[in-house]
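Number of protein chains: 2
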Amino acid sequence: MKDASSDWFDSCVSHLTSEGSLRVWSVLVTIFGDLAQNKSDQISGSLITALTSLVGIKAEATRVALHRLRKEGWIESTRVGRASVHRLTEYGRNQSAAAAPRIYARETSKPEIWHVLVSSNSETSRKELADQLLTGEYVSVNPVTAMASGPMPDDLEELLGFETSAISVPEWLRELFGPEPLKTAYDDFWKSVRIIDELLPQTGVDDPMKTAVLRILVVHNWRRIILRHPVLPAYFLPADWKGPACREEVSRLLDRLPRPHLATLEAELNT
Amino acid sequence: MKDASSDWFDSCVSHLTSEGSLRVWSVLVTIFGDLAQNKSDQISGSLITALTSLVGIKAEATRVALHRLRKEGWIESTRVGRASVHRLTEYGRNQSAAAAPRIYARETSKPEIWHVLVSSNSETSRKELADQLLTGEYVSVNPVTAMASGPMPDDLEELLGFETSAISVPEWLRELFGPEPLKTAYDDFWKSVRIIDELLPQTGVDDPMKTAVLRILVVHNWRRIILRHPVLPAYFLPADWKGPACREEVSRLLDRLPRPHLATLEAELNT
Numbered sequence: 001m002k003d004a005s006s007d008w009f010d011s012c013v014s015h016l017t018s019e020g021s022l023r024v025w026s027v028l029v030t031i032f033g034d035l036a037q038n039k040s041d042q043i044s045g046s047l048i049t050a051l052t053s054l055v056g057i058k059a060e061a062t063r064v065a066l067h068r069l070r071k072e073g074w075i076e077s078t079r080v081g082r083a084s085v086h087r088l089t090e091y092g093r094n095q096s097a098a099a100a101p102r103i104y105a106r107e108t109s110k111p112e113i114w115h116v117l118v119s120s121n122s123e124t125s126r127k128e129l130a131d132q133l134l135t136g137e138y139v140s141v142n143p144v145t146a147m148a149s150g151p152m153p154d155d156l157e158e159l160l161g162f163e164t165s166a167i168s169v170p171e172w173l174r175e176l177f178g179p180e181p182l183k184t185a186y187d188d189f190w191k192s193v194r195i196i197d198e199l200l201p202q203t204g205v206d207d208p209m210k211t212a213v214l215r216i217l218v219v220h221n222w223r224r225i226i227l228r229h230p231v232l233p234a235y236f237l238p239a240d241w242k243g244p245a246c247r248e249e250v251s252r253l254l255d256r257l258p259r260p261h262l263a264t265l266e267a268e269l270n271t
Numbered sequence: 001m002k003d004a005s006s007d008w009f010d011s012c013v014s015h016l017t018s019e020g021s022l023r024v025w026s027v028l029v030t031i032f033g034d035l036a037q038n039k040s041d042q043i044s045g046s047l048i049t050a051l052t053s054l055v056g057i058k059a060e061a062t063r064v065a066l067h068r069l070r071k072e073g074w075i076e077s078t079r080v081g082r083a084s085v086h087r088l089t090e091y092g093r094n095q096s097a098a099a100a101p102r103i104y105a106r107e108t109s110k111p112e113i114w115h116v117l118v119s120s121n122s123e124t125s126r127k128e129l130a131d132q133l134l135t136g137e138y139v140s141v142n143p144v145t146a147m148a149s150g151p152m153p154d155d156l157e158e159l160l161g162f163e164t165s166a167i168s169v170p171e172w173l174r175e176l177f178g179p180e181p182l183k184t185a186y187d188d189f190w191k192s193v194r195i196i197d198e199l200l201p202q203t204g205v206d207d208p209m210k211t212a213v214l215r216i217l218v219v220h221n222w223r224r225i226i227l228r229h230p231v232l233p234a235y236f237l238p239a240d241w242k243g244p245a246c247r248e249e250v251s252r253l254l255d256r257l258p259r260p261h262l263a264t265l266e267a268e269l270n271t
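For the protein sequence lines, the chains are A and B, in the order given. Oh and the first sequence: position 122 is 122 in the working numbering, straight run, nothing missing. Oh and the second sequence: position 199 is 199 in the working numbering, straight run, nothing missing.
No lab work stands behind these hints, which were simulated from the structure alone. Keep in mind that a hint or two might mislead.
Quick list of in silico lysine to any residue cross-link-like pairs, SDA-like style, CA-CA up to 20 Å [as the list claims (entries may be wrong)]: (1) LYS39(A) / ALA100(A); (2) LYS127(A) / ASN142(B); (3) LYS110(A) / GLU163(B); (4) LYS210(B) / ALA50(B); (5) LYS127(A) / VAL169(B); (6) LYS127(B) / ARG259(A); (7) LYS39(B) / ARG70(B); (8) LYS183(A) / GLY136(A); (9) LYS210(B) / GLY56(B); (10) LYS127(B) / VAL169(A); (11) LYS127(B) / TRP172(A); (12) LYS210(A) / PRO260(A); (13) LYS210(B) / ALA263(B); (14) LYS191(B) / ARG70(B); (15) LYS39(A) / VAL85(A); (16) LYS110(B) / ILE225(A); (17) LYS110(B) / GLY161(A); (18) LYS127(B) / GLU171(A); (19) LYS127(A) / SER168(B); (20) LYS110(A) / GLY161(B); (21) LYS127(A) / GLU171(B).
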């Protein structure tokens, strides 16, 4: 039977998981990325199961996901009797570190330099553009044009490249870069983080497990939205774009839900 | 009957008019642009007829062309008894002045700033791009992309614009911007100016009428090629592009054929 003080927590979890079933392996990536980024960090199987069960994920699903991440080289595990501990591999740590600035930055980045790549209609040229798009850093302007922040690659072969710091953005580009489904995702996320902000106890969350779970869910939902598209400053997006407001609110929430030490969490399991 | 000393002149004229019939009004534009650019300059009908007849244009064709240029606002004419004098209008002078730097510059210009315009598929956006292309300053990269030297226009509406000073140029762009027919036109012009350079008397041309006619033909042929396309520096063009070599040779020839004073030419008519 739940005590009444837990109602706000269940509401928060329910708002942060309302978008349907979570991909468990992806939640685990968030957990490791948020709580165990350092080389020496490791998380016990019991702690992982405790955290995931708090968001409604079954122990069996967690086990399968751990297995998958291990197979893909994200994590490595050590058995100690019937218990086990898990940590990010070097590959997993690098992936986490690469995404961290985009996830945790307090301000939407405003790159000063951009570059634009234009392919011809030849197969090799189109292939070269497609390969660049696969990196996930580019936004597609039209079938033969893509752009990304930062300086132009210096190994372009069959692509026309421009480096630019002065861009005139028409309305159609804002609509192209900020399409309705993505806009709605931000709007929905905005609503749920506002609700979480309301629901969190004014006096602070004094339960490290609950703090960890809410952090993880906030970071997880946020990560899933922002990693759907490359870095795009406000001037490339529709006027009522909620991205920067969401980022501010995420920072605010993470301040209210400071990252617990792993040792504290592990200790909680035995209480 | 021609004297032998005239053979080199006829050969020059024949080489410089070998590409078929000259558009007479266009030759007149060259004449006014080369010999009568100043506000106070005027050319008698007799001098124009004398110059054009030296390149094989009939008096009647010259009269028709003068009429056309007058109607289009390029020149204005004053009758003095049976004689008449012609001068560029302000419009004609402005047009000539606008083209002059491209025609007479000793070095191919190398703009440091370029801008690129990209349209969407919407009709208004495509129309805006088409309007820009009509100015003649843009080169088309593909159906939705055009570029030109200089800063980006500040009144873009439905076009995406980039200003750039760092461009990576693939081979296909060089072939697109320097297509075979244009390349051949430069190659042919290169051959003929080389021949003119050989044919001109080492001691200099001492006949001001012949000097004027050859200048005009060189400038005319050159103008017809370079005004076919916007300014394009060497790095946008195929490796064996003859443009810069042609420009050097044109400068050399014009040095050898210094512009005669109009008064000198008018005086020649009465000798």
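Going down the list of hints, with the structure as the test:
no.: 1; hint: LYS39(A) / ALA100(A); result: holds, 15 Å
no.: 2; hint: LYS127(A) / ASN142(B); result: holds, 17 Å
no.: 3; hint: LYS110(A) / GLU163(B); result: holds, 17 Å
no.: 4; hint: LYS210(B) / ALA50(B); result: holds, 10 Å
no.: 5; hint: LYS127(A) / VAL169(B); result: holds, 17 Å
no.: 6; hint: LYS127(B) / ARG259(A); result: violated, 55 Å
no.: 7; hint: LYS39(B) / ARG70(B); result: holds, 16 Å
no.: 8; hint: LYS183(A) / GLY136(A); result: holds, 19 Å
no.: 9; hint: LYS210(B) / GLY56(B); result: holds, 13 Å
no.: 10; hint: LYS127(B) / VAL169(A); result: holds, 17 Å
no.: 11; hint: LYS127(B) / TRP172(A); result: holds, 15 Å
no.: 12; hint: LYS210(A) / PRO260(A); result: holds, 10 Å
no.: 13; hint: LYS210(B) / ALA263(B); result: holds, 15 Å
no.: 14; hint: LYS191(B) / ARG70(B); result: violated, 35 Å
no.: 15; hint: LYS39(A) / VAL85(A); result: holds, 14 Å
no.: 16; hint: LYS110(B) / ILE225(A); result: violated, 45 Å
no.: 17; hint: LYS110(B) / GLY161(A); result: holds, 18 Å
no.: 18; hint: LYS127(B) / GLU171(A); result: holds, 16 Å
no.: 19; hint: LYS127(A) / SER168(B); result: holds, 17 Å
no.: 20; hint: LYS110(A) / GLY161(B); result: holds, 18 Å
no.: 21; hint: LYS127(A) / GLU171(B); result: holds, 16 Å
Going down the numbered hints, you'll see the structure goes against 6, 14 and 16, while the others check out.
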